[in-house]
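Engineer: Just so you know, the sequences run in chain order A and B.
If you want my numbering, it's the 1-based position in the first sequence plus 91.
If you want my numbering, it's the 1-based position in the second sequence plus 33.
Simulated from the structure, these hints should not be mistaken for laboratory data.
Even for Gly, the Cβ is constructed at its ideal location relative to N, Cα and C.
Where hints are given, some of them may not hold.
[What the hints assert, rightly or not] Which stretches of chain A does chain B cover? Using the computed rule of at least three CB atoms under 8 Å from a CB of chain B, they are:
no., segment
1, 493-499
2, 656-663
3, 861-873
[Stated by the list, open to error] If we take Cβ atoms under 10 Å as the criterion, some of the chain A residues that face chain B in the derived model are:
no., residue
4, Met-349
5, Asn-359
6, Gly-362
7, Val-482
8, Val-488
9, Asn-510
10, Met-511
11, Thr-515
12, Tyr-520
13, Arg-523
14, Leu-717
15, Ile-718
16, Ala-722
17, Thr-736
18, Gln-737
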Amino acid sequence: MVYEGEWLWLGNLGHGAVIVAFCAALLGVLTYGHALFGHRLPQGRWETWGRWAFGLHSVAVLTVIGVLFGLIFYHRYEYHYAWSHASKALPVRYILSAFWEGQEGSFLLWIFWHVLLGNFFILSSGRRWEAGVMTVLSLAQLMLSSMLLGTLLEIPALGELKIGSSPFVLLRDALDAPLFQRPDYLKWITDGNGLNPLLQNPWMVIHPPVLFLGFASCTLPFGYAVTALVQGLYREWVGPALGWTLVSVLTLGSGIVMGAAWAYESLNFGGYWAWDPVENASLLPWLFMVGAFHGMHAFTKSGYSLKSTLMMVMMGFVLVLYATFLTRSGILGESSVHSFTDLGLSGQLLAFLGLFTLLTVILLVYRWKQIPGKEKGGEESGTSREFWLFVGSMTLVVSAFQILLTTSIPVFNAIAGSNMAPPTDAVAYYNRWQLPLAVLILLMGTTAFRLRFGRSEPAKVLTWMMGVTAIAVVMTLVVGYTQQIGFWSYLLLVFAACFALVGNGHQLFQARQKLPSQGGLLAHLGFALLMLGVLVSSARKEVVSLNLEGTPLGENFSPAQARENVLLYQNQAKGMAGYLVTYTGDSVAGPNRYYRLLFQKKDPQGKLIFQKTLYPNAQINPKMGLIASPATLHFWDHDLYMHVTQVPDPANFEEQSRSYADPVLHYLDARGDTLMLKESLVLFGGLQKLVDDRWAQETAGADIAVYAPLRIRRLNQEFQLKPVYILRQGVEFRYPDQTTEPGIRVELQKIDPQTEQIALSIQSLQPAPRAYVVLKMLRFPWINAVWYGSFLLVGGLSLSVIHRNRQYQRERTAD
Amino acid sequence: MNELWCVKRSAILLLMLLGTGLAILVSTLGESSSYVDFETAAQDPGHSYHVVGTLDRSKPLIYNPETDANLLQFSLLDQKGLSRSVIFYGAKPQDFERSEQVVVVGAIQSLKGQPTFVAEQILTKCPSKYTEDTL
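Please work from the sequences and hints to get the whole structure.
Structural biologist: Laid out in structure tokens, this is it:
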């Protein structure tokens, strides 16, 4: 069958480009690999071949990206990827997010950064490292582009083996539907599945590219380390790799912070960090890269800690691959809220991880004896900076080890077939280990900056430390008292953070003339502020929407059970966190429903001193149910963070509001009577003949035409109703009467001449359901310290990257 | 003398590193919970477990925010097919009814004489998250 309207050429172009990219990467591995292992053609001919290969690879990759972007941009729904990730209503700025929402797109993002970094590296760095670094980069590209191949290999013994998943699969090949029997099926597919609403957030446009740049940048230092081990350049690699390591620390760190900001702004798990496996997976390589950077720094100044540095750099990259495996193989299963679904690439991912792990282990074991250790008798002094840099980076490794182990529980289960689950209170468990490690890192990091490489004067340092300690103790007491921090372990972290703030601040002040070179101090200062913010905002995090009214649950109900959600009826104010909070209604904008919450504060005289409306929103998505996004009231020293946890389904709501209760029959004296209803009084003045011009048509030729004059009293209001009854040639006609307010409907059902009674059928309108929201509200004190600390950290790191680059250029020209 | 002290210091550092690593390993093993069925959880009331199962749709699911926004009652069918009532003092998780798998974290407690699983956390797994591959 020939299908109408498909742009097949575009998909073919994209798929062809993937194959070219894959082959060119293979060519790159072979040519650069040849150069790396010293099969030298005259004048670096292998490298020239490698450059051609990488150039071809780059062009092919850019083509793939262009094609996929085009498919999404032009809504080519004959392609499965475009159909499942985009929709016509999607704003243009989120087309980027749609691009990398799927696994294939996010692999492409990673590939793209490798291409960019690789070309930049070739242009800017010397040829000395090109062969090695580019071999590793090409190998990584080979593995990554194989994830996009989407071919089935027939292997006689194993059956079909799926290699990669192509983003250019046609919808009619991916899905099975009777629609595809029509040649004009495309006309009937009017819209795509659309982007996950949680990802329709500005942070999601910027967070994944930065994070993937971080992942991609870890490949270069790894490449330097591999080159060093293969070619025996154990000392020389550190200098040029240092800057790249710093770039990794900066970009990965920024990516993590942006992820935290996204979680805080648009997810509703109640915070910026939850020790979720996916978060941990990005933190692990960062910790190793930070450790590696400090090791390299120590090595360049003192020739110390080379082995541990090599291991950390290589582990950093291997952990990037491990993180990829964890999040994309589906192995995390129920232990993570946001892992990718399995695309059947687990085997390939495992091969990717295994290959580079094996490479790391083999190289390190093979060369271990040759790697220069400390010089004979040259054991570093306990008062030297390099010693504490080493201890500090080891502390980071310990911290990473704990996170790695706990995050890997599902992996152990898969290997051993066990049924271990993460600790039931995972957050508390992580914090218990990470808190003392953070204390150590803060104290050591601050003191090490005061020490000199080689040997310092202990007396001077001790005096300085005592001064810093004294100020920090006072600060700790102030913070502890004002924020009411009771646990000594928390106070210890507050002290460590204050110590770091004072110590680094003091040194920064002393070095203020040379600020551009003080990125390190600035970053350390930022880290201290970040830790202080993390501690205060999580230790003193408070649920302010505590429900104290809930129905008692019997003697076994423990009041410790969190009852953290509060029901707010429309227009009924409730006191929360010192505010009167009123839900005043909602409005719909696009797919979102915004709930208006009015926050008011009055002084004791009843004068309004604060008023603001907040709009937490939710999507009642037909595919995902209720997806709530938080709204936040920002103050300089705390945030009030809230999201709805439950809302009435708007569909039910409208239907319900129109219905009447079942009718109830009441018998009244035909000459006049009084009826008591639950909420109203019905006064009946006796049957009246219906003589009315307006009823002329209905009453013409009638045997009986009467009405019941009714006065209905409710509260202080009175309403009049006139239900009509007409009998014509033995047929009864009833004309009920009703008022919507107070909501009553009366029908004159029967007239019984024998008993002189009438039967009134009365229906009352169901009380209108009251609109409500169920709200959860948290108070995060000092949350701004987290963000300002992160700013400083990222700013300091950026300064260091710039400074290091200048320094390196100077060193190179001096050579 | 100085050299000896230095060697010792390296050794001490290494030992501390290994010791901490070991302590982390032990504590991870010790603190980790396990995925069990209701029968196992019932043998140790009050002990916190993860129970994996599916929502028992033959039993009522009670969540009425207008009477109590913090009370969710439902029945969970564990992987051995045993159905137990579960109580959760919180709001109903998003998209709860659609979930294809539910993990409840908590312990069996006796509520009004009935053994009930009191959940502290509910994790739901929804059919392939957002992307639903049907036309």
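Engineer: Tell me the hint numbers this structure goes against, listed in increasing order.
Structural biologist: 4, 6, 16
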